[in-house]
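Asks: Sequence:
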Amino acid sequence: MNGIENSNGTDTAAASSRRILVVEDDIKMAELLRCALTNAGFCVECAFDGQSGFEAASTGNFEALVADIMMPVLDGIGMIGKLRGAGIHTPVIVLSALGSVENKILGLESGCDDYLEKPFSVAELIARVNALIRRSASPDSTVISCGDLVVDLVSGRVTRAGCRIDLQPLEHQLLVYMLRNKGRVVSKSTIMEHVWGYKFDTGTNIVESRMCHLRDKIDRPFDKALIKTVRGFGYVLE
7 MNGIENSNGT DTAAASSRRI LVVEDDIKMA ELLRCALTNA GFCVECAFDG QSGFEAASTG
67 NFEALVADIM MPVLDGIGMI GKLRGAGIHT PVIVLSALGS VENKILGLES GCDDYLEKPF
127 SVAELIARVN ALIRRSASPD STVISCGDLV VDLVSGRVTR AGCRIDLQPL EHQLLVYMLR
187 NKGRVVSKST IMEHVWGYKF DTGTNIVESR MCHLRDKIDR PFDKALIKTV RGFGYVLE
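FYI, in this note's numbering the residues of the sequence shown are 7 to 244.
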């Protein structure tokens, strides 16, 4: 069995921003993880091999990944390396029966953020997932991302799927604001206030115009659009 399975049968576009991808080929273990994480308040999707996990993580807006190492098609180490090579920095916690120091070092060097040996405590797993998400969402973080779109706040470098994207200063500010509010619908007036500093309606289409230019650069050259229009209200990046 492979591919993606949504935990609650709902459309993923309507899912909570606390989305977790579980990549595990053992169906019983995947279901245990799905139930535990769902009960902890996450919206969980499952992939059953490393390649399906890579494809899901490349196109979905996940807060974190929970992944096994020994999987068919593409193992966990290969999947993580492929994600990092594509510029996708979603936090990953590895769950593995391979508990030697050498295996843990290999996992961490491949790009995973945490390593938990099987058998494990469900409470500890949830605590570690929450800690990973807090660290990645920290205002002090120098990198923010959504799927394969990554912004380095120190260098100002913007990439998508590993490709460099050049933005004008206001486009860059707009993108950073949308990334900091990913998964939330933000109104045009709110964008105007936080990006341009105006606390009133200017009577212009400045937000629509600048958003159009931003989409031309970060969405249209790629297969999946990240910025969506919410009719009559504003925009959401997810």
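A hint or two may mislead.
To be verified - With a straight-line cut-off of 27 Å between C-alpha atoms, the simulated BS3-like cross-links for lysine-lysine are:
no. : residue 1 : residue 2
1   : LYS88     : LYS223
2   : LYS88     : LYS230
3   : LYS230    : LYS194
Hint data in this document are derived by calculation from the structure and do not stem from the laboratory.
Asks: Is the straight-line distance between the alpha-carbon of LYS230 and that of LYS194 27 Å or less?
Replies: holds (23 Å)
Asks: Would the hint linking LYS88 and LYS230 be met if the CA-CA limit is 27 Å?
Replies: holds (19 Å)
Asks: What's the verdict on LYS88 and LYS223, does the C-alpha distance respect the 27 Å limit or exceed it?
Replies: Judged against 27 Å, a Cα distance of about 24 Å means the pair holds.
Checked against the numbered hints given earlier, this structure breaks none of them.
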